[in-house]
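Number of protein chains: 2
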Amino acid sequence: MKESILFWPVRLKGNTLYILDETLIPKRIVTIKVKNYKQAIRAVVDMKTRAFGQFLTVCYTFVLELKKTTLTSKEEQMALLKKIALAFNSSRPTFPFEEVTSMMLGFAQKVYMSTNFKEDFIKMIDGFLEKGIRQKRYDRACQAALLLKDGDVVLTHCHVSGEMSLIGEFCSLQKKRVKFFATETRPYFQGSRLTAWELKKSGLDVTLVPDNAVAKLMSDGDVTCVIVGSDRSAENGDFANKIGTYQIALLAKHFQIPFYVLAQPSKKLISGRDIPIEIREDDEILTFEGKRLSPRGAVAFYPGFDVVENNLVTQHINVDAN
Amino acid sequence: MKESILFWPVRLKGNTLYILDETLIPKRIVTIKVKNYKQAIRAVVDMKTRAFGQFLTVCYTFVLELKKTTLTSKEEQMALLKKIALAFNSSRPTFPFEEVTSMMLGFAQKVYMSTNFKEDFIKMIDGFLEKGIRQKRYDRACQAALLLKDGDVVLTHCHVSGEMSLIGEFCSLQKKRVKFFATETRPYFQGSRLTAWELKKSGLDVTLVPDNAVAKLMSDGDVTCVIVGSDRSAENGDFANKIGTYQIALLAKHFQIPFYVLAQPSKKLISGRDIPIEIREDDEILTFEGKRLSPRGAVAFYPGFDVVENNLVTQHINVDAN
Chain H
1 MKESILFWPV RLKGNTLYIL DETLIPKRIV TIKVKNYKQA IRAVVDMKTR
51 AFGQFLTVCY TFVLELKKTT LTSKEEQMAL LKKIALAFNS SRPTFPFEEV
101 TSMMLGFAQK VYMSTNFKED FIKMIDGFLE KGIRQKRYDR ACQAALLLKD
151 GDVVLTHCHV SGEMSLIGEF CSLQKKRVKF FATETRPYFQ GSRLTAWELK
201 KSGLDVTLVP DNAVAKLMSD GDVTCVIVGS DRSAENGDFA NKIGTYQIAL
251 LAKHFQIPFY VLAQPSKKLI SGRDIPIEIR EDDEILTFEG KRLSPRGAVA
301 FYPGFDVVEN NLVTQHINVD AN
Chain Y
1 MKESILFWPV RLKGNTLYIL DETLIPKRIV TIKVKNYKQA IRAVVDMKTR
51 AFGQFLTVCY TFVLELKKTT LTSKEEQMAL LKKIALAFNS SRPTFPFEEV
101 TSMMLGFAQK VYMSTNFKED FIKMIDGFLE KGIRQKRYDR ACQAALLLKD
151 GDVVLTHCHV SGEMSLIGEF CSLQKKRVKF FATETRPYFQ GSRLTAWELK
201 KSGLDVTLVP DNAVAKLMSD GDVTCVIVGS DRSAENGDFA NKIGTYQIAL
251 LAKHFQIPFY VLAQPSKKLI SGRDIPIEIR EDDEILTFEG KRLSPRGAVA
301 FYPGFDVVEN NLVTQHINVD AN
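These protein sequence lines map, in sequence, to chains H and Y.
Following the working numbering, the residues of the first sequence are numbered contiguously, the last one being 322.
Following the working numbering, the residues of the second sequence are numbered contiguously, the last one being 322.
These aren't lab readings, by the way, just hints derived from the structure by calculation.
Be a bit skeptical, because a hint or two may be false.
Identical copies look the same in the list; a pair holds intra-copy or inter-copy alike.
[Unchecked claim] Okay, derived cross-link-like pairs now, EDC-like style, lysine to aspartate or glutamate, Cα gap no bigger than 20 Å in a straight line: (1) Lys253 x Glu309; (2) Lys27 x Asp282; (3) Lys179 x Asp282; (4) Lys68 x Asp126; (5) Lys27 x Glu289; (6) Lys13 x Asp46; (7) Lys253 x Glu130.
So here's chain H without its partners, still in its complex pose (with noise of 0.2 Å):
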């Protein structure tokens, strides 16, 4: 199964890391090259890697920063680790930097008796990501595809780092047509950079439409489901995703079109409202590229992500859960 560059946008070869840029899709591949932690927060503030690719960054990050530190104690770099983990933490708000960043630390615990602990805890976070984590991002897009009928159009949102791709391919393994409609979502331009430019790499079918013709969608019955990601879980099921994802639920369930989320589950939040929502500069709003859309001094407000209550989600697709 062919595999975006998206679904894995961030890999760690020697002692540097490399970042895809994702503000520069479709137009140019560009890898960030990143030596050590600070150039690595910098990526992620910068909106370079968003989503999954954050999650990748910060683990590896500990085990770039553990393979190149001349640091010899293990109390040294135990706390090296702490010090990476609490920067990553104050780095973006809505995204459960924490969550990563203590279980990587939890790793860390359970491996810091061992002898080796440098090349154990390296070891041990490469296999929680190569066979843990991508093969349950597998197993989740499988599972979504399952839930397709053939004929199916599927609306997203933003952008779930190439796992809709994966969606349409095991749709079509499993013998089922279908279509994608992909929603801009402004101000980053996710759905056209990122979703229209995955899937039509994969040679699926996608049309994209301005982020205000949701409900004209629905209401013409253009749209049979929809999925999107999840930026953040709390335990009763409610998430953050990007701003615009709460509005596509509720057009949803007017329309009783089902709404389907690919879920990270987490029991560190009981609800929606524990969910810190990132509100990002006035100039994603006023600018574009560089050129002003809106007048001089004219003020906005772009709150980054917005939470979706758990009774507007007719299935988590959670492979935790099975």
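Given the structure of chain H, go ahead and fit chain Y onto it with the hints provided.
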């Protein structure tokens, strides 16, 4: 009361029609000089002018062509007016060109028997626009302001040709402080370029938001009512407006927020189902200012308008009905 140039974006001076190029605002204020009906239709099709500007363009083009014609017989002059009407009628589908051109031809018919047909027609249109239309738009803005309370926060979508700042100014006169949220209104960014510009120029408090943020704003209690315009109305109160209006109306209903429309009463169409919806070119979604947003060969679907059902409207603001 200060009138935005967007309130009356088309003017006739001598034998030239000056059409404000709304696509260049807020960067530059440029008027397109139009000498004949073909150039006027080009400006309409290219969306250099839109909404109320289209209405003015039709009216003034009839006057312009009649002023400059060398045809001396009334029969020939009338045939010219009919030719212009047909050309406008087939320019863009959703805006009711046919209603406006029929009205113009009706005026011509009324003064056809006069010995000064040409002069009387020109005078009649002038009176109709200045005393009839301009006065009605002021009345409608005042009526909208009367619906607002001190402290209200109005969400608007797209651009209502200078009427929103008048509403704000009427509120100030009525000693009510109101604030505005304007959606960006992809893909043409009428919200970012026109509404924010106009409201800011009038000293009003306006904040731009992504079209995707509507449900979040409403759910957070940040918006107390919605006011939008209407590109075309049907007899039963359904109306068509810029794509995205329908989902805002559905969300307003869900969150029990009053939804008002600046209406244009018409009895030509029975319901919203009879309103033809213009499908615009792919490229308006796939590129921005000549730059590609999405991969080469990507497909897009961009319906320019959607239809809001009467039952979603709290009140039609319609001076004719009073």
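### Task
Tell me, in ascending order, the numbers of any earlier hints that this structure violates.
6, 7
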